[in-house]
Every structure is written in structure tokens, then in C-alpha cells.
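Which chain is which? The protein sequence lines are R and F, in order.
Numbered per my numbering, the first sequence spans residues 1 to 116.
Numbered per my numbering, the second sequence spans residues 1 to 260.
No lab work stands behind these hints, which were simulated from the structure alone.
Incorrect hints may have been included.
Within a straight-line C-alpha distance of at most 20 angstroms, the following computed SDA-like cross-link-like pairs (lysine to any residue) qualify [as the list claims (entries may be wrong)]:
#1 F:153 x F:209
#2 R:31 x F:88
#3 F:61 x F:238
#4 F:61 x F:50
#5 R:31 x F:153
#6 R:31 x F:238
#7 F:153 x F:244
#8 R:31 x F:50
#9 R:31 x R:48
Far from chain R, by Cβ distances over 12 angstroms, these chain F residues were calculated [claimed, not checked]:
#10 43
#11 54
#12 55
#13 57
#14 59
#15 106
#16 153
#17 155
#18 158
#19 160
#20 168
#21 227
Predicted model, so just to flag it, every value in this text is computed and none were measured.
Just so it is clear, CB atoms sit at the ideal spot from N, CA and C, and this is done for glycine as well.
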Amino acid sequence: MSRNTRINLLLLLAVALLAVAPLVFGMGDHKEEPFTGADGEAETAITEIEPDYEPWFSPLYEPPSGEIESALFSLQAALGAGVLAYYFGLRRGRRQGEQRALERVGGAEESDGDAG
Amino acid sequence: MSPVSQETGQGTSTIHEVLERVCCAMHIAEGFLPPAHAVAWGVASAPFVVHGVRSLTREVKEHPESTLLLGASGAFTFVLSALKLPSVTGSCSHPTGTGLGAILFRPPIMAVLGTITLLFQALLLAHGGLTTLGANVFSMAVVGPWAGYAVYKLLRRYDVPLMVAVFCGAFVADLSTYCVTSVQLALAFPDPGSGILGALGKFGSIFAVTQIPLAVSEGLLTVLVMRLLVQSSKGELTRLGVLLSGGGRARNKSTEAVAR
Numbered sequence: 001m002s003r004n005t006r007i008n009l010l011l012l013l014a015v016a017l018l019a020v021a022p023l024v025f026g027m028g029d030h031k032e033e034p035f036t037g038a039d040g041e042a043e044t045a046i047t048e049i050e051p052d053y054e055p056w057f058s059p060l061y062e063p064p065s066g067e068i069e070s071a072l073f074s075l076q077a078a079l080g081a082g083v084l085a086y087y088f089g090l091r092r093g094r095r096q097g098e099q100r101a102l103e104r105v106g107g108a109e110e111s112d113g114d115a116g
Numbered sequence: 001m002s003p004v005s006q007e008t009g010q011g012t013s014t015i016h017e018v019l020e021r022v023c024c025a026m027h028i029a030e031g032f033l034p035p036a037h038a039v040a041w042g043v044a045s046a047p048f049v050v051h052g053v054r055s056l057t058r059e060v061k062e063h064p065e066s067t068l069l070l071g072a073s074g075a076f077t078f079v080l081s082a083l084k085l086p087s088v089t090g091s092c093s094h095p096t097g098t099g100l101g102a103i104l105f106r107p108p109i110m111a112v113l114g115t116i117t118l119l120f121q122a123l124l125l126a127h128g129g130l131t132t133l134g135a136n137v138f139s140m141a142v143v144g145p146w147a148g149y150a151v152y153k154l155l156r157r158y159d160v161p162l163m164v165a166v167f168c169g170a171f172v173a174d175l176s177t178y179c180v181t182s183v184q185l186a187l188a189f190p191d192p193g194s195g196i197l198g199a200l201g202k203f204g205s206i207f208a209v210t211q212i213p214l215a216v217s218e219g220l221l222t223v224l225v226m227r228l229l230v231q232s233s234k235g236e237l238t239r240l241g242v243l244l245s246g247g248g249r250a251r252n253k254s255t256e257a258v259a260r
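With these hints in hand, go ahead and build the complete structure from the sequences.
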């Protein structure tokens, strides 16, 4: 494995550890419902400050259930990941093609006795 | 709005419901800013987005080859803002992914890409909202990218290594977004006792503290993507001014072959 790949994998590992650590060390244990959105707490803060506030507009479309909401979130992530993968795949392919073409041109030039 | 008036049986539980259905939503939920605030933030963000659209069309017209990388930057924001991660405070939040695009294409273009992401989430996921779009655009697509870009540029000026500057830029872009969100909520809901500052402390400790480890994650992921870009798209990074054309540390045999 090249040094580059190893560093990239280490970066991913660090991100994974950062995400898992709060779960492993039970940092949500002091709560009734651990690992809900931080806005659940913002809610408490808002109701403490202004108990009478009523939202004056509701979303045009709401996912009918948590499952569908998570499906749509996954769709968002998948779309993004797909485009990113397409980009890097295309780049890699182009680079390999260019290198091959260069080698071929280089080989042809060398056989003409006119390298470089 | 008839659906709202139906829901307003009990004020407190309405708020509860609204925030419940946007679990892990770190953007301000639909209808959650008073109309005056919503309009004000919309007016504040609009020029940035309009300017951004202009820069974006100019960029695409002058450098059609950058469309792909633009798409990739937008895609990065899409992925990261769908990643809801647990944090040390025992609650969840998600990164923004705006640092990368801001560093690559400058903040005005990121204003557009961020707005697209926010629109997607507001329309399909009931995450964020149309009435709070202005405020959310201002925090995630305007302040975040500019703050991250400023830090990145400053560090680069002092010859800080590229990846360190990228990490700090992405970290600041993420964290500043949630600081602005806290300010926006504090302005809308000042604490009756301790005023705006008291409310800021409350919201800040909820949003910003949760966000610190996520900002680190975002920094690491942005560095990862930037490393892949340095390997794969040296020519484009040089044109965008991220890599210096006159040689530099990241130069190696394979990338030279591409540059030729």
C-alpha cells in the first residue's frame, strides 16, 4: 500500500473514531433519549424563553414517516457520493489514458531516434 | 395559513412537534423565525446568492472544464449535510461541507451550491424550511464559506502547508455556520431575563459545542478530498490558485506527466 493511500485511510479512520467515540463512551447516557438532534435542546431553550411562540408556517411537504425521511436523507447522500465517485473515476481514467498515450508517443519517438 | 391554525391547540407541544419532526436538523426549522426576521435574513442573503449565480455562470462560461469539479464540490456538500453524526454532548448534528467549494471556487459560488442543498432539504426533507431559507442560507452558504475562506487565505499567506490551511478553513466554515445559527435564534428569541446575550449563551452551548467534533470530522474529510484532488486534478487546482504553478511540495512524477 502506498504512503498516500495509508494517509487517506488513516483520515477516514479518524473520522469514524470521532463518530463512534461518543457512542462507545456513553456520552448520551445522561439523557432520556440519547443522540436526538441538538435542536431538541434548542426547543427546550425556546419554550423556556418564549412559551407562547407558534410556528407560523409549516413545510409544504413532509416525509410521512421516519423511515421515509431517512430514505430521502440516504438518497441525498447517495446522489452526492455518486457524483463524487463519478468525478474521481473519470479523472483516474483520463489520467491513465493520458499516461498510456504519452508512453505510446514516447515509444514512437524513441524508435525514431528523437526522444523527449 | 390554515394548517398552522389547526395545529395551534397547545403552543408548547406545537413547538415540540415541529422540532421533533426535524430530528437532527441543525438548520432553523420551518416557521421558526418570526416573519420580520425571516424577511430580514432573506434580504441579507439575496445579494450574495445573486452575485454567486453571476460568478457561477461566468466561471462555467469561461472554463467549461470546471463544471465537473463544480459538480463535485456541490456533491461534497450534499453528502456531508446528509451525514448525521453523534457528538460529545450526546446529541446529533451534521457537518455542512461548504469549506471545500469555498476554497476551490471562492465563497460566492459556494453561496449558490449551499442554497441548492438547503432548497433540496427544505422541499423534500422538511429539514430547514422555505421561510427560514434566508437565515439558513446566510449562516451556511454565506458566512460559513466566507469565514472558512478567510482563514484559509490568511494561513496560506503565512506559508502554512496547504493541508493544514484546508483543515482550518473547513473547520471554521463548519463551526461559524452554527455560531451564526445561534445568533439568529438568540436575536429572534432573546431571553426575558438575560436578553440576547443570555439566549446566545443557551443556543450557543447547544449548537456550537455539539458542532466542535463534527467540525473536526469535516476538516478531516475535506483534507481527504483535497488530497485526492491534488493527486487527480493538479492542472485544475493550479488554475484555481490552490496549487502554485511554480513547483511546490505536492509535485511528483505522475502529476508532472498530467501537467505536460
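We went through each hint and held it up to the structure:
{"no.": "1", "hint": "F:153 x F:209", "result": "25 angstroms, violated"}
{"no.": "2", "hint": "R:31 x F:88", "result": "12 angstroms, holds"}
{"no.": "3", "hint": "F:61 x F:238", "result": "19 angstroms, holds"}
{"no.": "4", "hint": "F:61 x F:50", "result": "17 angstroms, holds"}
{"no.": "5", "hint": "R:31 x F:153", "result": "41 angstroms, violated"}
{"no.": "6", "hint": "R:31 x F:238", "result": "49 angstroms, violated"}
{"no.": "7", "hint": "F:153 x F:244", "result": "13 angstroms, holds"}
{"no.": "8", "hint": "R:31 x F:50", "result": "44 angstroms, violated"}
{"no.": "9", "hint": "R:31 x R:48", "result": "18 angstroms, holds"}
{"no.": "10", "hint": "43", "result": "17 angstroms, holds"}
{"no.": "11", "hint": "54", "result": "24 angstroms, holds"}
{"no.": "12", "hint": "55", "result": "21 angstroms, holds"}
{"no.": "13", "hint": "57", "result": "20 angstroms, holds"}
{"no.": "14", "hint": "59", "result": "16 angstroms, holds"}
{"no.": "15", "hint": "106", "result": "19 angstroms, holds"}
{"no.": "16", "hint": "153", "result": "23 angstroms, holds"}
{"no.": "17", "hint": "155", "result": "19 angstroms, holds"}
{"no.": "18", "hint": "158", "result": "24 angstroms, holds"}
{"no.": "19", "hint": "160", "result": "18 angstroms, holds"}
{"no.": "20", "hint": "168", "result": "15 angstroms, holds"}
{"no.": "21", "hint": "227", "result": "6 angstroms, violated"}
The structure fails to meet hints 1, 5, 6, 8, 21 from the earlier list, while all remaining hints are met.
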